[in-house]
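Undergrad: Residues per chain are reported as follows:
2 protein chains.
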Amino acid sequence: MPTKPLILITNDDGITAPGIAHLISLTQKLGTVFIVAPDKPQSGMGHAITINSTLRVHKTSYYQNENEYSCTGTPVDCVKIAINTLMKRKPDIILSGINHGSNLSINIIYSGTMSAAVEGAVEGIPSIGFSLCDYAHEADFTQASEYIEKIITNVIQKGLPKGVCLNVNIPKLKSDVLKGIKVCRQANAMWEESFDERKDPYGRTYYWLTGEFKNLEAKSEDTDVWANEQGYISVVPTHADMTAYDALKELSKNLEK
Amino acid sequence: MPTKPLILITNDDGITAPGIAHLISLTQKLGTVFIVAPDKPQSGMGHAITINSTLRVHKTSYYQNENEYSCTGTPVDCVKIAINTLMKRKPDIILSGINHGSNLSINIIYSGTMSAAVEGAVEGIPSIGFSLCDYAHEADFTQASEYIEKIITNVIQKGLPKGVCLNVNIPKLKSDVLKGIKVCRQANAMWEESFDERKDPYGRTYYWLTGEFKNLEAKSEDTDVWANEQGYISVVPTHADMTAYDALKELSKNLEK
Numbered sequence: 001m002p003t004k005p006l007i008l009i010t011n012d013d014g015i016t017a018p019g020i021a022h023l024i025s026l027t028q029k030l031g032t033v034f035i036v037a038p039d040k041p042q043s044g045m046g047h048a049i050t051i052n053s054t055l056r057v058h059k060t061s062y063y064q065n066e067n068e069y070s071c072t073g074t075p076v077d078c079v080k081i082a083i084n085t086l087m088k089r090k091p092d093i094i095l096s097g098i099n100h101g102s103n104l105s106i107n108i109i110y111s112g113t114m115s116a117a118v119e120g121a122v123e124g125i126p127s128i129g130f131s132l133c134d135y136a137h138e139a140d141f142t143q144a145s146e147y148i149e150k151i152i153t154n155v156i157q158k159g160l161p162k163g164v165c166l167n168v169n170i171p172k173l174k175s176d177v178l179k180g181i182k183v184c185r186q187a188n189a190m191w192e193e194s195f196d197e198r199k200d201p202y203g204r205t206y207y208w209l210t211g212e213f214k215n216l217e218a219k220s221e222d223t224d225v226w227a228n229e230q231g232y233i234s235v236v237p238t239h240a241d242m243t244a245y246d247a248l249k250e251l252s253k254n255l256e257k
Numbered sequence: 001m002p003t004k005p006l007i008l009i010t011n012d013d014g015i016t017a018p019g020i021a022h023l024i025s026l027t028q029k030l031g032t033v034f035i036v037a038p039d040k041p042q043s044g045m046g047h048a049i050t051i052n053s054t055l056r057v058h059k060t061s062y063y064q065n066e067n068e069y070s071c072t073g074t075p076v077d078c079v080k081i082a083i084n085t086l087m088k089r090k091p092d093i094i095l096s097g098i099n100h101g102s103n104l105s106i107n108i109i110y111s112g113t114m115s116a117a118v119e120g121a122v123e124g125i126p127s128i129g130f131s132l133c134d135y136a137h138e139a140d141f142t143q144a145s146e147y148i149e150k151i152i153t154n155v156i157q158k159g160l161p162k163g164v165c166l167n168v169n170i171p172k173l174k175s176d177v178l179k180g181i182k183v184c185r186q187a188n189a190m191w192e193e194s195f196d197e198r199k200d201p202y203g204r205t206y207y208w209l210t211g212e213f214k215n216l217e218a219k220s221e222d223t224d225v226w227a228n229e230q231g232y233i234s235v236v237p238t239h240a241d242m243t244a245y246d247a248l249k250e251l252s253k254n255l256e257k
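Listed in order, the protein sequences are those of chains A and B. Quick note: this note's numbering has the first sequence finishing at residue 257, numbered continuously throughout. Quick note: this note's numbering has the second sequence finishing at residue 257, numbered continuously throughout.
Don't take every hint at face value.
Because identical chains share one entry, a pair is satisfied inside a single copy or across any pair of copies.
Under the rule of at most 35 Å between Cα atoms (straight-line distance), these lysine-lysine pairs were calculated in the DSBU-like manner [unchecked claim]:
id: 1; residue 1: Lys249; residue 2: Lys29
id: 2; residue 1: Lys179; residue 2: Lys162
id: 3; residue 1: Lys172; residue 2: Lys253
id: 4; residue 1: Lys162; residue 2: Lys29
id: 5; residue 1: Lys214; residue 2: Lys249
id: 6; residue 1: Lys162; residue 2: Lys253
id: 7; residue 1: Lys253; residue 2: Lys219
id: 8; residue 1: Lys199; residue 2: Lys88
id: 9; residue 1: Lys88; residue 2: Lys158
id: 10; residue 1: Lys40; residue 2: Lys59
id: 11; residue 1: Lys214; residue 2: Lys90
id: 12; residue 1: Lys214; residue 2: Lys59
id: 13; residue 1: Lys249; residue 2: Lys4
id: 14; residue 1: Lys219; residue 2: Lys88
Calculated directly from the structure, the hints in this document are not laboratory data.
Here chain A stands alone, though its shape is the one from the complex (with noise of 0.2 Å):
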C-alpha cells in the first residue's frame, strides 16, 4: 500500500448529503479521498444496478476536493464506475455513509449504503458501511467521530478477511454515553409492513410503504440490534454469501432423489 491510501467515498442519501460530507471531513487527514455518490436520495435501492438505462457522470465542486463526481446511478453503480472507469487505481477502501438512519440487522438488505460496501467486498476492497442511527435531517453526526477514526484506520491498516465488509451502525447518542465498540452477528429481525391507502386529486388509488421494526430476538445478547439499544456502536462482519448452509442435507435428501 502506498504511504497516503486512496479513500473512495459513496452514500446513498445523496451526494449533497450531512452524512457523507461529515465523513469526507473526517477522513481528509487519514488519505486521499475520492468521491462518486448519487445525485439524488437513493434510500432503500438494496443492490439494485442499472442495466436497462445509462449512467451519466458529472464533476462536482461541493467539497473542493479534487475528484468529486455526482452519477446517476445506485450506490452500486457509483462504486462500478469509480472502480472500473473514474479512479485511475482501485482504492485502498471504500467507505459508505453515513447514512441517515440504521442499518441494522434486517434493513442490510434494503440498504444502498450497506450495498456500496457488499459490492466493494465482492471486488476484493476493505469496504465499511456507517450509518447514524437518526433519521433527522439535523442528526448529529459529530458524536461517534473518534470511533468512525479508530475503525477506519485500523481496517487500513489491518485490512479485512476476504470478501468481508463491515456494517457500523452507530446509537444515537452523545458521545461521553457511548460505550465503545461491540463486534456481533446480524439480529434476525423484520419489517411488519402496512400501506398507507390513499386517492390522488383524480381520485385514483396510490400506496405509501410504512412499517415498523420488530426484532425476532430482542433476549440474545450477540446481535447487532442488542448492541445498539446497550449504547455501543455495532461492528457486523459481513459477506455476499447468503448460502443457508445448515439447509442444504436436508433439502438434499428431499429433492436429490
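Use these hints to put chain B onto chain A, whose structure you have.
TA: What follows is chain B alone, placed relative to chain A:
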C-alpha cells in the same frame, strides 16, 4: 394448510414476460394462483423497495386468472403489497420467475427475482426463485417443467426451514439431457465490469454497464455454478443473514479494545 394451497407468483421481468407465463401455466393445477408482478422489466433491482415515492396497482387480465395485478414497484414491493394489502390471507408459498437469465452465485445479490423470494423467506413464507440460464426472449421454458413441478410440490408438502428460500437455476438444456437436481452452495464469483462510454446526440458522455462473469472457484464441485455446468438444476438454500461468522473473533480482537 388448506387442501388447496394459495400460491403467490411474481417475477422481475414484468407481468407479461414468457417466463412468468410458463410458471403460471404450470402451477394452475397445484393450487389457487394469485399474481402480483411488476408492470415493466425490473431486472437488476436487487432488494430495492419504493420508499421515496408511491406505488400503484392495476388489475390485469393477461392470464384469465381471478387475481392478477401489475404493480408500479419492484419485485420486493410486489411481495410486500400482495401480502399486506391485496391478499386476504398470507400465501402458502411464493414463486418468483421464471427469470430470463442466470441467478447463479453472486447474481443473487443483484437479482429482483431472488430478492422477491428472500423477502418471502423473511416474512416466514416458503419461497422459491426460478431462473433459466438463457437470456433469449424466445427461450424454451418448458424443458425443465417436470423438475419445477417436483420442487414446488415438495416445498408445498414439506415446507422449508424458517427464513430459508430456494435459488433454483435451470441450465439451457433439453429435458432428455438434464441430469436432475443438485442441492449446493452459492459459488464465490464476481463480475469484471467495464463501462461502454458513448456520446449522446448532443455530445454529452453516457455509460452502459457491461461485464463478464468470473467464477473464482471453478474447481469446487459443491457450487451452483459447477452443478449447472454439469447439466444439473442447481438449488441453493438461501437466507437473509449476511453475517460473516468466521470473521467475528478476529474483528472483535482488533476493534473492541
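Undergrad: Next step is simple, just say for each hint if it's right about the structure.
TA: Hint check:
| no. | hint | in the structure |
| --- | --- | --- |
| 1 | Lys249 / Lys29 | between (50 Å within a copy, 30 Å between copies) |
| 2 | Lys179 / Lys162 | both (29 Å within a copy, 34 Å between copies) |
| 3 | Lys172 / Lys253 | between (47 Å within a copy, 25 Å between copies) |
| 4 | Lys162 / Lys29 | within (26 Å within a copy, 47 Å between copies) |
| 5 | Lys214 / Lys249 | both (30 Å within a copy, 27 Å between copies) |
| 6 | Lys162 / Lys253 | both (32 Å within a copy, 17 Å between copies) |
| 7 | Lys253 / Lys219 | both (34 Å within a copy, 24 Å between copies) |
| 8 | Lys199 / Lys88 | between (51 Å within a copy, 21 Å between copies) |
| 9 | Lys88 / Lys158 | within (23 Å within a copy, 53 Å between copies) |
| 10 | Lys40 / Lys59 | both (15 Å within a copy, 32 Å between copies) |
| 11 | Lys214 / Lys90 | between (39 Å within a copy, 18 Å between copies) |
| 12 | Lys214 / Lys59 | between (41 Å within a copy, 31 Å between copies) |
| 13 | Lys249 / Lys4 | between (48 Å within a copy, 29 Å between copies) |
| 14 | Lys219 / Lys88 | between (48 Å within a copy, 32 Å between copies) |
In terms of the numbered hints stated before, the structure departs from none.
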